[in-house]
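Protein chains in written order, with my numbering: chain A, 9 to 455; chain B, 9 to 455.
Read the hints as simulated data drawn from the structure, not as lab findings.
Mixed in with the good hints, there may be bad ones.
Negatives, chain B to chain A, calculated, CB over 10 Å [as the list claims (entries may be wrong)]:
#1 Ser-171
#2 Glu-320
#3 Ser-339
#4 His-417
Which bits of chain A does chain B cover? Going by a derived footprint, with three or more residues having C-beta under 8 Å, they are [said to hold, decoys possible]:
#5 231-237
#6 340-347
#7 400-410
This one's a predicted model, so the numbers in the text were calculated from it and none came from an experiment.
Just so you know, even glycine gets a beta-carbon here, dropped at the ideal spot from N, CA and C.
2 protein chains.
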Amino acid sequence: MTSSTAHPESTTHNPGRGDGEAVGIAILGHGTVGSEVLRLMEEHSDSLAHRIGGRMELRGVAVSDLEKPRLGVSRELLTDDAMTLINRDDVDIVVEVIGGIDYPRRVVLAALKAGKSVVTANKALVAAHADELAAAADAANVDLYFEAAVAAAIPVVGMLRRSLAGDQIERISGIVNGTTNFILDAMESTGAAYGDALAEATRLGYAEADPTADVEGHDAASKAAILASLGFHTRVNFNDVHCEGISKITADDISAASSAGYVIKLLAICERITDAEGNEAVSARVHPTLVPKEHPLASVNESYNAIFVEAEAAGRLMFYGNGAGGAPTASAVLGDMVGAARNKVHGGRAPGENTYANLPVADFGAVHTRYHIDMDVVDRTGVLAELAAKFAVRGISLKTVRQEESGEHSRLIVVTHSALESDLSATVDELTNSPDVKAVNSVIRLF
Amino acid sequence: MTSSTAHPESTTHNPGRGDGEAVGIAILGHGTVGSEVLRLMEEHSDSLAHRIGGRMELRGVAVSDLEKPRLGVSRELLTDDAMTLINRDDVDIVVEVIGGIDYPRRVVLAALKAGKSVVTANKALVAAHADELAAAADAANVDLYFEAAVAAAIPVVGMLRRSLAGDQIERISGIVNGTTNFILDAMESTGAAYGDALAEATRLGYAEADPTADVEGHDAASKAAILASLGFHTRVNFNDVHCEGISKITADDISAASSAGYVIKLLAICERITDAEGNEAVSARVHPTLVPKEHPLASVNESYNAIFVEAEAAGRLMFYGNGAGGAPTASAVLGDMVGAARNKVHGGRAPGENTYANLPVADFGAVHTRYHIDMDVVDRTGVLAELAAKFAVRGISLKTVRQEESGEHSRLIVVTHSALESDLSATVDELTNSPDVKAVNSVIRLF
């Protein structure tokens with residue numbers, strides 16, 4: 009390095025305190041993830057010290073209810089005053105594993121402003137307030153890590169931030185919600201109805217008492233926002249993500265998909281696209297998707313998660329693993345803690361949020377998709393031609409058309425080629441209102 | 009951070025030169041990978057500058073033959089004097105994409121000693137000389153990156169160094185050689201003999217003119233050494249890896265495996281084991297392995313690579329992608345270059361080699377494995393009992409025994425439970441020498 013170019017006064021410098029010094033940890037929250045993080049920290053403290061270059065020392069655990077019994081934490085480390093804990097001089101890293109948005113936002117911002125590095129597992133927080141959090145981390149020159157916010161121990165955040173930092177990402181397609189994957193897989197393998205599969209998921213602990221955030225795709229949409237932001241260096245927020253859940257998927261949809269060679273997966277799809285004016289844009293969406301059975305994503309079963317990445321030079325990559333649960337989430341949190349602690353000891357800062365590309369986020373209508381439409385139509389000569397004309401008038405070409413007798417109606421299954429989502433959607437509206445169409449049974453997009 | 013604990017004089021400090029400063033790059037080698045790195049560096053120079061916080065500037069490309077036409081590199085950047093290029097003051101990062109061991113070792117050591125960070129794609133070099141290279145990088149307080157040395161763009165090195173830094177890895181099982189996976193997959197899907205599948209792989213460019221390093225498992229063994237070193241924080245060298253290739257696998261082996269529900273894969277298996285005295289040790293080995301068809305590794309086809317990791321908290325993870333080729337390798341190299349360049353600009357250093365655990369490397373004989381043995385035995389009453397006794401005497405229990413008539417002999421297929429490799433191997437020797445056994449047709453270990 010030529011010394012004439014060094015800028016010793018730059019705020020990006022973070023020299024570190026040197027080998028062997030302790031790093032103070034504050035943990036906010038003591039639920040499934042927090043208690044597992046504590047257990048692993050203690051069990052592997054020697055190994056972790058070697059990997060960091062200094063020991064992690066627990067300064068305190070902030071909880072809302074001090075009276076609740078807390079296994080594995082001595083009473084004097086517990087506090088219900090998170091703000092005081094965060095601001096202690098001997099706390100270097102704040103770990104947020106509370107959940108929710110408003111309160112975690114306040115404490116995480118307070119920690120960053122106090123010059124503490126932050127590790128969070130909170131996808132809803134990151135997806136809703138990434139700009140504000142990233143700005144606070146930059147201003148204080150500290151780290152903000154959130155590997156556990158997407159797909160738990162599957163290291164997709166690190167992969168997008170670091171490993172693929174020299175590549176151009178074209179598309180990220182993920183099964184990022186274990187609850188819905190469990191339900192769809194159960195429907196596929198047992199023929200169960202949606203309601204029965206959901207009940208089974210609830211019984212086994214894969215679904216929460218109120219499953220709305222999972223089954224309506226909101227959880228996956230948070231993750232899509234984070235993945236799109238990292239992958240395309242563009243701020244994509246939760247509200248930018250088009251979101252459809254799986255609650256309308258029927259056993260009939262699943263079996264029809266299966267006989268056509270597909271499985272139905274709830275995918276988070278983040279894509280670099282070119283809009284009608286030829287400009288680059290970003291699309292992020294969550295919806296049930298027909299995935300060909302031979303695609304690697306099709307064989308991701310039970311509550312497993314997987315992220316499929318297509319990049320210019322790397323080609324196709326897939327990352328597969330447990331996307332939820334106390335231990336896998338704690339693994340990701342602890343990996344981030346080691347990274348943040350290393351930087352405290354050795355200096356430097358992890359690559360943070362970087363939205364330099366600042367691409368526009370495309371309306372869902374401007375995206376190219378493909379439809380699989382299953383409908384009942386009246387059984388009359390000429391109907392097929394009239395319905396086909398409704399596609400043709402918008403320039404939508406059909407890949408396959410299958411007509412089956414079904415009592416007094418005819419069942420018509422149409423698979424389109426790629427076309428503008430807005431045109432496909434308008435065509436389906438028209439079909440729904442056509443006197444020739446008795447019912448549109450299902451509309452599912454293809455991968 | 010409490011200022012009283014800062015050690016500004018520590019050699020681990022690496023303050024960085026500050027935002028906006030250029031980072032000088034020297035590339036050694038201009039083959040498939042080197043030329044692709046150059047192409048991507050130029051095509052994405054603006055994006056890369058944003059991600060780094062400063063521009064990468066190419067100072068020179070060292071080649072052995074200056075007369076050869078080099079597309080995309082201006083003549084004045086070419087040199088055949090790598091040492092002079094490396095030692096230029098305005099070179100910060102040296103990228104080694106030459107191949108071989110002795111010459112790359114000399115230039116990489118020279119670069120590290122001159123205070124340059126090094127990015128290499130050279131698995132043979134890293135597997136043979138990791139200690140020496142790591143010591144030189146530590147002494148100079150610079151980065152040594154080698155993501156591309158294992159499975160190209162699949163970010164397994166970064167994942168082991170960073171993402172799983174808070175976890176304890178139990179086992180890493182990888183399909184890390186595309187040539188042998190292509191050959192085995194072709195044998196499986198077409199019924200081809202080994203020689204024909206190898207010829208097809210050569211014709212399509214998947215196998216080199218001399219395929220020894222691939223088909224005998226040497227290439228996979230280098231990668232196993234690297235994975236075991238990173239995963240278990242213990243130095244494992246190429247010579248520590250037990251290595252068997254695929255050149256003895258027959259079409260009969262493949263079809264027998266298939267009817268029993270397995271595919272044969274060449275796996276690199278790195279495992280934390282407990283030896284006979286109850287002490288922890290590390291095993292690293294490469295051999296053909298029967299993988300159950302429902303295991304995620306079984307569906308890794310063609311020349312794709314995959315790494316399956318089992319960790320205490322994270323559970324089962326799999327990473328899948330292109331494990332070779334100019335563009336995927338260049339993606340990994342460029343990701344490393346961005347990491348090294350960020351550290352030059354912002355300060356800090358990537359987590360380097362850390363062999364603190366320093367576990368013994370177990371002899372292959374001390375590892376527990378399972379055998380699938382296919383043999384022709386004489387067709388006589390009592391033979392089965394006598395042969396079974398040869399297993400029992402060493403405490404090896406049998407999971408399944410299948411006997412089939414086959415002309416004048418009987419075919420006997422035995423699958424054992426887990427037992428000491430040395431006992432299994434000694435038993436096979438005894439069977440081979442038994443007058444009751446006409447031929448041991450194949451011995452393949454199970455996953």
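We went through each hint and held it up to the structure:
1. Ser-171: The assertion about Ser-171 (chain B) is violated, with a minimum of 3 Å to chain A.
2. Glu-320: Per Cβ check, Glu-320 (chain B) is inside 10 Å of chain A; nearest 8 Å; violated.
3. Ser-339: violated (4 Å)
4. His-417: Given that every Cβ of chain A is farther than 10 Å from that of His-417 (chain B), nearest at about 40 Å, it holds.
5. 231-237: That given contact is violated, which follows from only 0 residues of the region 231-237 of chain A lying within Cβ reach (below 8 Å) of chain B.
6. 340-347: holds (count 8)
7. 400-410: Answer violated; 0 residues pass the 8 Å Cβ test.
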